[in-house]
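Protein chains: 2
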Amino acid sequence: MPTPVETWAQQIRAGEVRAISRAITAIENHDPIADDLLKMLFYSTGRASIIGITGAPGTGKSTLVDRLAAAYRRAGKTVGIIAVDPTSPFTGGAILGDRIRMQSHASDAGIFIRSMATRGFLGGLARATADVSLLLDAAGKEIIIIETVGVGQDEVDIVRLADCTLVLLVPGLGDDVQNMKAGLMEIGHVFVINKSDREGADRLEQQVHAMLELAHESDGWRPAIARTIATDTKGIENLIAEIDKFLARAKASPEFYSREADHWSRRLIEMLESRLLDRLLGTKENKDRLAALASEVAQRKKDPFAAVAEILASAGNR
Amino acid sequence: MPTPVETWAQQIRAGEVRAISRAITAIENHDPIADDLLKMLFYSTGRASIIGITGAPGTGKSTLVDRLAAAYRRAGKTVGIIAVDPTSPFTGGAILGDRIRMQSHASDAGIFIRSMATRGFLGGLARATADVSLLLDAAGKEIIIIETVGVGQDEVDIVRLADCTLVLLVPGLGDDVQNMKAGLMEIGHVFVINKSDREGADRLEQQVHAMLELAHESDGWRPAIARTIATDTKGIENLIAEIDKFLARAKASPEFYSREADHWSRRLIEMLESRLLDRLLGTKENKDRLAALASEVAQRKKDPFAAVAEILASAGNR
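Protein sequences appear in the order of chains A and B.
The opening residue of the first sequence carries number 1003 in the working numbering; numbering runs sequentially from there.
The opening residue of the second sequence carries number 1003 in the working numbering; numbering runs sequentially from there.
Next up, chain A with everything else stripped away, as it sits in the complex (with noise of 0.2 Å):
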């Protein structure tokens, strides 16, 4: 008889939006138990075709994210939707806005979205998304789009997931490209200039394509720039076209896989990060031990180095 964990996994396999759900809570709590689930589902995923997108508030990322759902559903493909929210109490309506309008597809057994919040993960939300997106993929969506605000490090972590970045711009937005959106010019594989009948759309669309032109003169790939009106649902499925190029592009190259590889290197070592602290910080005593050297360290009783030398003896690993 399979194990309570192993029906579990059957059901996300099988795609039920309610093993899914289930699934992504015990990643958010941190839960040992998804860890089980994970692994076990770990050989179902590798499938999907992960596109993130990123942009300033305002773009219309969820318009867009929206659009390209659903062309892709028209196209016959599964779509996982996971949007990561900057919360606040100054934005959360406006965000809780755009998750009921996207809840349009709710009908839709082919679509499944999930919205995790910024507030409580802090630097573990770029992993915790990444396990949401191991899920989905287990669970057979073909398409992943991973939705974020692009403005730190964080999201800059979140977008390295993704097998194509989208980056989005509006013309009028603060015209200051050079400023705002430095590291994103870098991570973008299609940059998407958004409410493209918007006076400025040509000028902004020139900056752009002269900023790639300086930025990648060598490498011989430079970035596709597409136009796109998401609330009139137009220029959606050139876009389409573009990302598909690109993944074309991208999958055939012998990079892929050693970007794959990158990329675990580096979720390697958070997991191996993780499981050492929890090992010395793990109970309440050592807990308590931290807290007493930080306060001694805060009153300069202590120097920092000589509090660490003091932990790593007593964990009996030195």
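It should be emphasised that the hints constitute simulated quantities derived from the structure, not laboratory data.
A portion of the hints provided could be inaccurate.
Which copy is meant is left open, because identical chains are indistinguishable; a pair holds if it fits in one copy or across any two.
[To be verified] As a list, the in silico PhoX-like pairs of lysine-lysine whose alpha-carbon atoms are at most 20 Å apart:
hint	residue 1	residue 2
1	Lys-1236	Lys-1303
2	Lys-1247	Lys-1236
3	Lys-1303	Lys-1253
4	Lys-1079	Lys-1247
5	Lys-1304	Lys-1289
6	Lys-1247	Lys-1286
All of these numbers come straight from a predicted model, not from anything done at the bench.
Please build the complex by placing chain B on the supplied structure of chain A, with the hints as guidance.
For chain B alone, kept in the frame of chain A given last:
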């Protein structure tokens, strides 16, 4: 006779610019000698007031930092400035310009300015900034100003170092304070409306005021709002008075030391993580094994949990 490191530490305590600069370079390069130095200098730290300044590009951070530093110098205080730059091929020029302008202080031995680039540091930037801040503290700088572009988790980690955090806003730079500055609203101690002669300053002040009222309704303390026109050196003395008021209040509060202890808890954990990883992955042999395992995982020949267990087992500390 003192060892070379002891001599170096002595030069830093005496505020010698070249000795400080060399130490910062050692920190940036992860040179183990930096730890030796910081261990020696640690008991000379804890005296500086650390002021964090964060705000989007275009809010006039560098100019404000420049004017603040000049005002502190007039009051006879020594100043250290750490400017944390999100570096990119696209912004290098502008940032360099700012730094050159700030070198107007170059002939003043009571002020030390250093910019640190994001590139290459990734998650380690907050740690490097914290170490440089300790160093400047040991070098006798009474005021340490840490300047960052406030957008991601990295920046939030950096400003956590500060005893008092200023959040810079300007009228008319995208009025969706709600969206863009959510994280910052929660970490700011003084909100500075710079370029306050611009249209929209009153409205922005009202917006900030309303938000702060909403966020801080219960806990008694509400962040101050100060208006400046940094380019004309207007409002600077008033801003310093608000900073002093906050610092006096904070240092008198019982939470001040628990905040310091929390800070050192986090730092000790970071140091433990890096020690443990060094031990596990410090040799070329171990690094090669990690790369080989990551490649197996990428090809789905092994699951990541099994790979982690294998590394821990072979390190003899399962």
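Hints, one by one, checked against the model:
Proximity of Lys-1236 to Lys-1303 under the C-alpha cut-off of 20 Å is found in neither arrangement, the shortest distances being 65 Å within a copy and 42 Å between copies. Taking the shortest alpha-carbon separations for Lys-1247 and Lys-1236, only the intra-copy value of 19 Å comes in at or below 20 Å, while the best inter-copy value is 55 Å. In this homomeric assembly, Lys-1303 and Lys-1253 come within 20 Å of each other (Cα to Cα) only across copies, at 19 Å, whereas the closest approach inside a single copy is 56 Å. Proximity of Lys-1079 and Lys-1247 under a CA criterion of 20 Å is satisfied intra-copy only: 17 Å inside one chain copy versus 60 Å between copies.
With identical chains, the CA atoms of Lys-1304 and Lys-1289 are at most 20 Å apart within one copy only, with a shortest distance of 18 Å there and 33 Å across copies. Taking the shortest Cα distances, Lys-1247 and Lys-1286 never come within 20 Å of each other, neither inside one copy (53 Å) nor across copies (38 Å).
In this structure, the earlier hints numbered 1 and 6 are contradicted, and the remaining ones agree with it.
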